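**Student:** Residues per chain, in single letters:
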Amino acid sequence: MTANKTLNMITQRAVEEGIAMEIGKTSKQYFDACSIIEMNEQDMKELGIMRNTNVRVKSESGEVVVKATVGRQACYPGLCHIRQGVWANQVVPPRTQSTGAPQYSGFPVTVEPAPNDKLKTALELVQGAVGLWKGD
Amino acid sequence: MPKVIENVGCPYCGCSCDDVRVTVSDDGKDILEVENVCAIGTEIFKHGCSKDRIKLPRMRQPDGSMKDISYEEAIDWTARHLLKAKKPLMYGFGSTNCEGQAAAARVMEIAGGMLDNCATICHGPSFLAIFDNGYPTCTLGEVKNRADVIVYWGSNPAHAHPRHMSRYSIFPRGFFTGKGQKKRTVIVIDPRFTDTANVADYHLQIKQGHDYELFNAFRMVIQGHGNDLPDEVAGVKKEQILEVAEIMKNARFGTVFFGMGLTHSDGRNHNIDIAISLTRDLNKVSKWTIMAMRGHYNITGPGVVWSWTFGFPYCLDLTKQNHAHMNPGETSSVDMAMRDEVDMFINIGTDAGAHFPIPAVKHLKKHPWVTIDPSINMASEISDLHIPVCICGVDVGGIVYRMDNVPIQFRKVIEPPEGVMDDETLLNKIADRMEELKAKGEA
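The listed protein sequences derive, respectively, from chains W and P. Numbered according to this note's numbering, the first sequence spans residues 1215 to 1350. Numbered according to this note's numbering, the second sequence spans residues 23 to 465.
Check each hint, because a few of them may be wrong.
[Said to hold, decoys possible] Okay, the calculated bits of chain P under chain W, using three or more residues with CB under 8 Å as the criterion:
| # | region |
| --- | --- |
| 1 | 101 to 112 |
| 2 | 233 to 243 |
| 3 | 277 to 285 |
| 4 | 378 to 387 |
| 5 | 422 to 430 |
Source of the hints: derived by calculation from the structure; they are not laboratory data. These figures come from a predicted structure and were not determined experimentally. In this text, a Cβ means the ideal position worked out from N, Cα and C, and glycines have one as well.
In isolation and in its complexed conformation, chain W is listed as follows (with noise of 0.2 Å):
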C-alpha cells in the first residue's frame, strides 16, 4: 500500500450534474453528484481507499476533499475523474496552451486517502476561496 499515487485527471460532464446543476448549484443533488472522484479499482486498492470514503486530491494550482467511488464509466488505472463543477475546478490548472482552454483534461493530481477529513460544500469552497464565506 502506499500513501498517496499520481493519477491523470480529467473532468467531464455527467448528466446527473446536468439535472443537479439546473435543480441549483446550492442543492444536495448537485453536492450529491459532483464533489466525487471516479478511479480504477486497481488504484483504490493499492491506496487502501474503501469506496465511499473521502479522499484528498491536489493538483498544481489546489486541492480538494471528494468521496472515491468507482462510478459506472469506468476509468482505466492511472486515469480518473471528478465531474465537471465547482469541486473539479478546485484542481484545474488555469493554463491554456495559449487557446483560452484550461486544461480540464489531462493533468497530474495527486491522491491519497483522507477517511477523516470534511467535505466541503459548493459555497464554502466557492465564497471561501474569495473571502466571502461566514460558515453556516
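Following the hints, complete the assembly by docking chain P onto the known chain W.
**Tutor:** The following block gives chain P in isolation, referenced to the frame of chain W:
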C-alpha cells in the same frame, strides 16, 4: 383549460430540440407537463415556473449580505462602473438568445471592453482549427437521413447531449437510413468506457491525451500506409485501427462528432486540426463530414452574431472601439483573468464561479463583479450585483443557433415573473444609460 403548446425549443444542450410539448395552466403562469424532453431539460422548465425565482436585482452590502434594489439602480450602477473601468470583460452567453448577444455587443462597444463567450473554455480551440483547416460539415438533418457510420470522438452524448443519439445520429430512421440503428455502425473513441461507448459497435479505449497519434494512425491507413503502423498506437491495437479504418472507408456517409475530450486535452486546436484533415482524407474515398458537439443550446449563437458584427466569433477585444481584434491566449477570459488584466467582470447567462478554475475566479473577484442570470449560482453568490433576467425558451423567445449552425426560433411558453426583464431589454438599457452619462460628461 390547460393549453398544450407544440414544437417548443428546449434551452439546454446544443441539440436545441424543437419538438417539445409543454402543457401550461389557464393563467399562462405555470407549466403542468413537459414531453419529448430529456431529464435535464425537464428541470429547466420546472425551474422556470418555480415560485422561488429572483425578481429584483440584489446588491452586496458591506457586511456581505445581499439587498434588493430596483432595476433602475442596478442599470445605473452597471453603466457607471463599465464607463469607469479601463478593461471590463463581459463573458458568458451560453444561455442567452441572439438578440441579447447583439445588445451585449452594443454595450461593450460603448464601454470599450472585452467580449467573450463560453466557447473560450469549450470549443474555442475548434474555432482556431476551423480557421486554419476549414470545416467540412453538414446539418444534423443530413446525419439523420444519410449517415451510416457515426464516430463520437472525445464526446459523451449519453450524458452531455441526452437526445442527440435518439434524435439525430444513431436511432432515428431517416430517408436513406430506414432501418435506423440496425444499419448504422457506431464507433466511440474515449479513454473511459462511457455510457455512449456502451451502445457503440466499437469502443477504442485510447490513452488520455494521445488523440493526435491515433488520428495520425488513421490518416496513415486511409492514405495506404497501414502496414507501416506499429503494433499499438495510443493504447489501441493495430488490428483494431485497421478494422475501424476499413469501416470508415466503406461508409456511404459518415460523420465525426467531436467534443471536449479533444479541445481540453494537450494539443487543443491541433487535435481538431488533424480531425479535419482526417475528414478530408476520408472524402477521397467516401463521403465524410465533421461536427463540433457544441455544449449549450445557443452557444453557436454568439459566434454567428459577433462574426457578422465584428468579424470574430469569440475573445473579442473592443477596447479600441472603432475596430475589433481577437487573439486567444491574449484576449481570452481565463488568460486575462490569470494576468489580472481586467478591472470589471460581467458574468451573463453562465456560471464562471463554478466553471472557471478557481485561481481565475480569485483574480476576477478583486474587481467589481456583476452577474446577469435568472438563477442563484456560484457566480451570483460571490458577485457585487446580481441582476435576474428571463429564461430564454421558457419566459422569453428569440433566435437560437443549434450546434450545426441552423437558426431556430424559440418561443416563450409562460409569462415571466412580474417586472423581470429579458437580456436584450436590460442590456440595451445599460447601453442607453452609458450614452446618457457620456453625453452629460459624467464619464
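**Student:** It remains to establish, for every hint, whether it holds in the given structure.
**Tutor:** Here's how the hints hold up against the structure:
1. 101 to 112: Violated: only 0 residues of the region 101 to 112 of chain P have a Cβ under 8 Å from chain W.
2. 233 to 243: With 0 residues in contact (Cβ-Cβ under 8 Å with chain W), the coverage given for the region 233 to 243 of chain P is violated.
3. 277 to 285: Holds: 3 residues of the region 277 to 285 of chain P have a Cβ under 8 Å from chain W.
4. 378 to 387: holds (count 8)
5. 422 to 430: violated (count 0)
Figure legend: structure checked against the earlier numbered hints; hints not met, in rising order: 1, 2, 5.
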